[in-house]
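Residue numbers (numbering that gives the first Met the number 0), protein chains in the order written: chain A, 0 to 366; chain B, 0 to 275.
Just so you know, the hints here were simulated from the structure itself, not pulled from any lab data.
C-beta: ideal position from N, C-alpha, C; glycine also.
Check each hint, because a few of them may be wrong.
[Stated by the list, open to error] Sample of chain A residues facing chain B (criterion: CB under 10 Å; computed from the structure):
(1) 72
(2) 150
(3) 166
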Amino acid sequence: MATVNLEHVTKIYEGKVEAVKDATLDIKDKEFIVLVGPSGCGKTTTLRMVAGLEEITKGTIRIGDRVVNDVEPKDRDIAMVFQNYALYPHMTVYQNMAFGLKLRKFPKHEIESRVREAARILNIEELLDRKPKQLSGGQRQRVAVGRAIVRNPKVFLFDEPLSNLDAKLRVQMRAELKKLHQRLETTAIYVTHDQVEAMTMGDRIVILRDGVIQQVGTPLEVYLHPGNRFVAGFIGSPPMNFIPATVISKNSAFWVKTSGFELKIPEDKVEKLGPYKDKEIIFGIRPENIYDKMFAVAAQKENTFKVKVDVVEPMGNEAYLHVLSGSDLITARVDFRTKASPGEEMDLVADMNLMHAFDKQTEKAIM
Amino acid sequence: MKKRYGELIHNISAWIIALIWIIPFVGLLMTAIRPMGELLNGWWNFKVLHLTLKNFVNAWNHPNVPLSQGTMNSLIVAIPATVIPILIATMAGYGFSRYRFPTRKGLFILIVLMLALPQQMIAVPIFNLMNKLGLIDNYLGLIIVHTAWGIPWITFFMRNFFTTIPVAVEEAARIDGASDTRIFFSIALPIATPAIVSAAALQFTWVWSDFFLALILVYSPDKLLATQRIPLMRGVYFVNWGLLSAAAILLMLVPISVYTFLQKYYVKGMIGWSSK
Chain A
0 MATVNLEHVT KIYEGKVEAV KDATLDIKDK EFIVLVGPSG CGKTTTLRMV
50 AGLEEITKGT IRIGDRVVND VEPKDRDIAM VFQNYALYPH MTVYQNMAFG
100 LKLRKFPKHE IESRVREAAR ILNIEELLDR KPKQLSGGQR QRVAVGRAIV
150 RNPKVFLFDE PLSNLDAKLR VQMRAELKKL HQRLETTAIY VTHDQVEAMT
200 MGDRIVILRD GVIQQVGTPL EVYLHPGNRF VAGFIGSPPM NFIPATVISK
250 NSAFWVKTSG FELKIPEDKV EKLGPYKDKE IIFGIRPENI YDKMFAVAAQ
300 KENTFKVKVD VVEPMGNEAY LHVLSGSDLI TARVDFRTKA SPGEEMDLVA
350 DMNLMHAFDK QTEKAIM
Chain B
0 MKKRYGELIH NISAWIIALI WIIPFVGLLM TAIRPMGELL NGWWNFKVLH
50 LTLKNFVNAW NHPNVPLSQG TMNSLIVAIP ATVIPILIAT MAGYGFSRYR
100 FPTRKGLFIL IVLMLALPQQ MIAVPIFNLM NKLGLIDNYL GLIIVHTAWG
150 IPWITFFMRN FFTTIPVAVE EAARIDGASD TRIFFSIALP IATPAIVSAA
200 ALQFTWVWSD FFLALILVYS PDKLLATQRI PLMRGVYFVN WGLLSAAAIL
250 LMLVPISVYT FLQKYYVKGM IGWSSK
């Protein structure tokens, strides 16, 4: 168990490509932290630098109190689970799990008891004599996790470990990994491109883009208070609507004016949006904060707007509406009983208490 | 229906090609296992058919150039001339596929270029070099030349195979606590077994069947390799085709057994690595 600290860590490949830029991150002891972002954002490179599989161009990485910049992977007391499992194909499951312990010269009976215990926890006891090619994807994943936990390391590193599994198994393994973490209480760094995985698993989430950390926070923090437009668009599904707008003052109140509607800004947000009066901003609203007027409880004139329905996607427990407001395309996640039908006009209600606003130039959150 | 006809045509063509391919060998076999008198009207004439292994026995125990001794000599050359280059080139191939070092690209291009070098072009320099080293008519000289000749292509072959193995497997071993040497011997080498076996089978066959290099470097009658002995079995006034054919078949038996025995690995090695 240990903390992991990254201080101004930079990775430049072959003097050209800057994969990670000045990353600073403090991971607490026993924390499950998720690095998330689109491909090429530097999340795997960051993880590999912590593992010691990539050299650090600049900065410092600490595991516990020790600077590990020049420490070999084997001496960092970490264990890693790879995306393609990376099991040793010529060894049995038992040998795969015992390999690390054998190299560390553990006594035979200790190896045996650790492997059997890990196999019991992961429910793979009956697979110990099989070779990796005789296992299904889910079983291989368990073995890869087993190989990591037998060593009882200070830090677990997971590099997109569920991305090769089918959707159903992924959900199941997600819960199992989380449960395992609660049981072992080992610091874990988990890399994924799947924001749902990040939200459901992480104690905290680190969102990266183009090698730069965009925001660090609990799942709820980054969902409710995204620091910039990228984070707002990346976290949440379907993604947040971004609509070019102007802040205007009318009838002693402030309004968001877009090409299709004018909506009143709640009083508690005026203080921060006031300075943007008559200026252009990016208005953000999540699809789940827009309601079909027929099923909205707090529909008022100042938070209702008219749209033309383009596409209706019934999902069973809800429906996604793709609508046109002026020249803006908007997605709404509404009650499944909606009567919306393509080509027709309808009224939608926005929960303006949950609105977001971003600076047009910097794309940073205004509030 | 159309598909069935297509398949039928494919099958028939395959059979025809296979038959054409095998006819010379059948001829060789017939010549070897039938007495000389029956072959005068052509081996395909089966009006009278007597089978005999006499030619094989005669070739094996030939009074001047016994194939038994030749086989032993060939093995003395072929085994080390297979094992040594495989050992060196497997390590080199692994190095080329995994490590970044300054002259890597240039060296690799050099190796590929060497593959294109015809043996005849360097026959004289090889003879001179071995002569200076005092290794003419010495198996060590022949083994060195075969080793040098084998290393480039085996390096190329092994490097290509190693690039198909996911690096993650070796990285996992690194994190598990393995050193570079340990990773090579405990992880990369066992995974590469099919490729090593394929390369070994090819190199062995190449050395075994070699006539040219042996002709340049070995000349003492008792040191002659198996391939060198067959032409000497041809008499001055009379050619015993049965004897020559039997000797040729005996010579072929060794590489054929090697391939048959290692077939499982051989196919895998040619396809590349897969975790499936």
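Now for the hints, and whether the structure bears them out:
no.: 1; hint: 72; result: 5 Å, holds
no.: 2; hint: 150; result: 8 Å, holds
no.: 3; hint: 166; result: 22 Å, violated
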